[in-house]
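Construct the complete structure from the given sequences, taking the supplied hints into account.
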Amino acid sequence: MKVEISELLPLFRNAFNNQDLSITEKSDRHSIAEWDSMGHLNLIVELEDNLNVSFTKDEIESIRSIKELMEILESK
Amino acid sequence: MKVKILSNVVCDPLSAELKKIIPFAKLSTEYHEDLIVKLNSSTSLHFADSEYIFIHCDYYFHRVVPLMNREVLESIYSFASKSKSLIIVSNSFINGYSDGPVWGSPGKHLNVLFFENDLIRKILSLNNIVFFDYQSIIFEIGFKNAFNYNLGHLYQMPYTKKMLVLFAERLANFLLFYKTPEKKVIVVDCDNTLWGGVIGEDGIDGVKCNTNSDGILYHQFQKFLRIKKEEGFLLCICSKNNFNDVYEVFNKKEMPLRWEDFIIKKINWRDKHVNITEIANELNLGLESLVFIDDNDFELNAVMQMLNVVKSLKFDSDYSSFLTLMENNVFKRKLLTTEDLQKTKQYEDELLRKEEMSNSSSIDEYIANLNIKLDIRKNDINDFVRLSQMTEKTNQFNFNKKVYSVNELSSFVRDCKGYIYSLKVSDKHGDYGTVGLIITEFSGDDVVIENFLMSCRVLGRRIESSFFSFVIDDLSKENKRIKDVRFIKTPKNNPAEEFFKTIKL
Numbered sequence: 008m009k010v011e012i013s014e015l016l017p018l019f020r021n022a023f024n025n026q027d028l029s030i031t032e033k034s035d036r037h038s039i040a041e042w043d044s045m046g047h048l049n050l051i052v053e054l055e056d057n058l059n060v061s062f063t064k065d066e067i068e069s070i071r072s073i074k075e076l077m078e079i080l081e082s083k
Numbered sequence: 082m083k084v085k086i087l088s089n090v091v092c093d094p095l096s097a098e099l100k101k102i103i104p105f106a107k108l109s110t111e112y113h114e115d116l117i118v119k120l121n122s123s124t125s126l127h128f129a130d131s132e133y134i135f136i137h138c139d140y141y142f143h144r145v146v147p148l149m150n151r152e153v154l155e156s157i158y159s160f161a162s163k164s165k166s167l168i169i170v171s172n173s174f175i176n177g178y179s180d181g182p183v184w185g186s187p188g189k190h191l192n193v194l195f196f197e198n199d200l201i202r203k204i205l206s207l208n209n210i211v212f213f214d215y216q217s218i219i220f221e222i223g224f225k226n227a228f229n230y231n232l233g234h235l236y237q238m239p240y241t242k243k244m245l246v247l248f249a250e251r252l253a254n255f256l257l258f259y260k261t262p263e264k265k266v267i268v269v270d271c272d273n274t275l276w277g278g279v280i281g282e283d284g285i286d287g288v289k290c291n292t293n294s295d296g297i298l299y300h301q302f303q304k305f306l307r308i309k310k311e312e313g314f315l316l317c318i319c320s321k322n323n324f325n326d327v328y329e330v331f332n333k334k335e336m337p338l339r340w341e342d343f344i345i346k347k348i349n350w351r352d353k354h355v356n357i358t359e360i361a362n363e364l365n366l367g368l369e370s371l372v373f374i375d376d377n378d379f380e381l382n383a384v385m386q387m388l389n390v391v392k393s394l395k396f397d398s399d400y401s402s403f404l405t406l407m408e409n410n411v412f413k414r415k416l417l418t419t420e421d422l423q424k425t426k427q428y429e430d431e432l433l434r435k436e437e438m439s440n441s442s443s444i445d446e447y448i449a450n451l452n453i454k455l456d457i458r459k460n461d462i463n464d465f466v467r468l469s470q471m472t473e474k475t476n477q478f479n480f481n482k483k484v485y486s487v488n489e490l491s492s493f494v495r496d497c498k499g500y501i502y503s504l505k506v507s508d509k510h511g512d513y514g515t516v517g518l519i520i521t522e523f524s525g526d527d528v529v530i531e532n533f534l535m536s537c538r539v540l541g542r543r544i545e546s547s548f549f550s551f552v553i554d555d556l557s558k559e560n561k562r563i564k565d566v567r568f569i570k571t572p573k574n575n576p577a578e579e580f581f582k583t584i585k586l
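Line by line, the protein sequences give chains S and B. Numbers 8 to 83, taken from the numbering used here, label the letters of the first sequence in order. Numbers 82 to 586, taken from the numbering used here, label the letters of the second sequence in order.
These aren't lab readings, by the way, just hints derived from the structure by calculation. Among the hints, erroneous ones may be present.
Using 16 Å as the maximum straight-line C-alpha spacing, the simulated EDC-like pairs for lysine to aspartate or glutamate come out as follows [as the list claims (entries may be wrong)]: (1) B:Lys243 / S:Glu53; (2) B:Lys561 / B:Asp526; (3) B:Lys243 / S:Glu55; (4) B:Lys225 / S:Asp56; (5) B:Lys242 / B:Asp93; (6) B:Lys242 / S:Asp56; (7) B:Lys505 / B:Glu436; (8) S:Lys9 / S:Glu32; (9) B:Lys242 / S:Glu32; (10) B:Lys243 / S:Glu11; (11) B:Lys260 / S:Glu32; (12) B:Lys225 / S:Glu55.
Given the structure is predicted, the values throughout are model-derived calculations rather than measurements.
This is how it looks when you write it as structure tokens:
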């Protein structure tokens, strides 16, 4: 499944409860302050619900950047 | 509203969803892997400032239960009996699998709850503990939709978004239910509400209320209302019809409800909001105590527009909407007291008294003829459920509208902070039940009247001054002097203010 950054943005904003957040393909867990472990949990919940996908335990643990997320989504 | 969530799963996302529904609530969450051990070792002081504590041991997710259900229940019981908060217990632990040698075997796993009736009764006897029906959410959306086991495994947060949203919605409703005063009166329309069809079109024989498919909905609704009446709701009719036609339907048809079950019937062609306002006045209750049920959108909208504090609900002949209507929290009671169970009788007695009053030549003659008897008790723990309910429900004769929980009243007496006087009243027409409360607090030989309240049912009979004098006499026997009376003006407590002005210390 190919997902554009513009589709991901509202999901990131909801998950991190920050409507001013902006993301690029280069963003990762270091560059986004809210992307801590609770943020990651909320992000997975949002992604699974809105994109109608489910991630394996390994996938959840390996997503550390937008790029990695998009690659995993593309493999679905 | 302060709410603390204690759980053996991570509840921060649940709390975030709750916040969207009840933004005014102060929410905090605590995660404890072994919550029950934590409950046993923690003192209630830790959570003294939370009004509500939600205990959620999710043993649907944590399949292996370290303790038997009995031990879990015992721990919750002992925690609640020490706490001043309302303890809301999720019923998620009930079906947990124990790892004991017998319970774990296929075919040997039983719902342990069935064997714990004595314990459940003991828990329900505590007034500050209630069960939240978590199971019904799982039943509704199913395990597959509710749980995300990978997130549970990694983060101890096992719920899907769908589950979080529904869980938060149900929990918020539950919290709001305990926060909102109860309704007291159900006002219903007749045609297509109490029975199917319209008298004016179908005739008295043509309207349906029976166990066939065209009448069963109305039959069930009447049975539902009959139960509500037993629980203390007052039933009234507000219908645009000819009075005699409606009377004839009750007279001729076998239906669950009888004509006498309705304490006030407004059957005429006037606007419904006028009738509803009159009903509230005649019962001496505020409009916010009323629920109005009608099938007609025009009538509902008119009442909603004119009287927006009345809870207006639509009666829909679609079966699933009908079931949803009956599940509405406005029809639920927090705790049932003896007063609730006798409510209709008490209001009937009151209508008799009004009739007698209009036949008496003076108010004094009328009062003298009533043979009023007062029964005043001091620190009687049996009254505390009703007294706590009164501090919430009483508005007009209430010195400061401070609300006391049953636990607060109990610990007040236990710590010898003062005396709590309760008043029961009866007269020749019947029993009013517990209708008055005075709370006194000691400071040395001085006494402060912390609160004084009387149910509006007994006002206008000079009972309040007799009750107050009795308390002053009783305190002076112990050489205690009243130093202060705590009165705070509220939008509704004019009658209390009138009395307050007459007090001379």
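We went through each hint and held it up to the structure:
no.: 1; hint: B:Lys243 / S:Glu53; in the structure: holds (10 Å)
no.: 2; hint: B:Lys561 / B:Asp526; in the structure: holds (5 Å)
no.: 3; hint: B:Lys243 / S:Glu55; in the structure: holds (10 Å)
no.: 4; hint: B:Lys225 / S:Asp56; in the structure: holds (13 Å)
no.: 5; hint: B:Lys242 / B:Asp93; in the structure: holds (13 Å)
no.: 6; hint: B:Lys242 / S:Asp56; in the structure: holds (6 Å)
no.: 7; hint: B:Lys505 / B:Glu436; in the structure: violated (23 Å)
no.: 8; hint: S:Lys9 / S:Glu32; in the structure: holds (14 Å)
no.: 9; hint: B:Lys242 / S:Glu32; in the structure: violated (25 Å)
no.: 10; hint: B:Lys243 / S:Glu11; in the structure: violated (24 Å)
no.: 11; hint: B:Lys260 / S:Glu32; in the structure: violated (47 Å)
no.: 12; hint: B:Lys225 / S:Glu55; in the structure: holds (13 Å)
Of the numbered hints given earlier, the model fails hints 7, 9, 10 and 11; all others are met.
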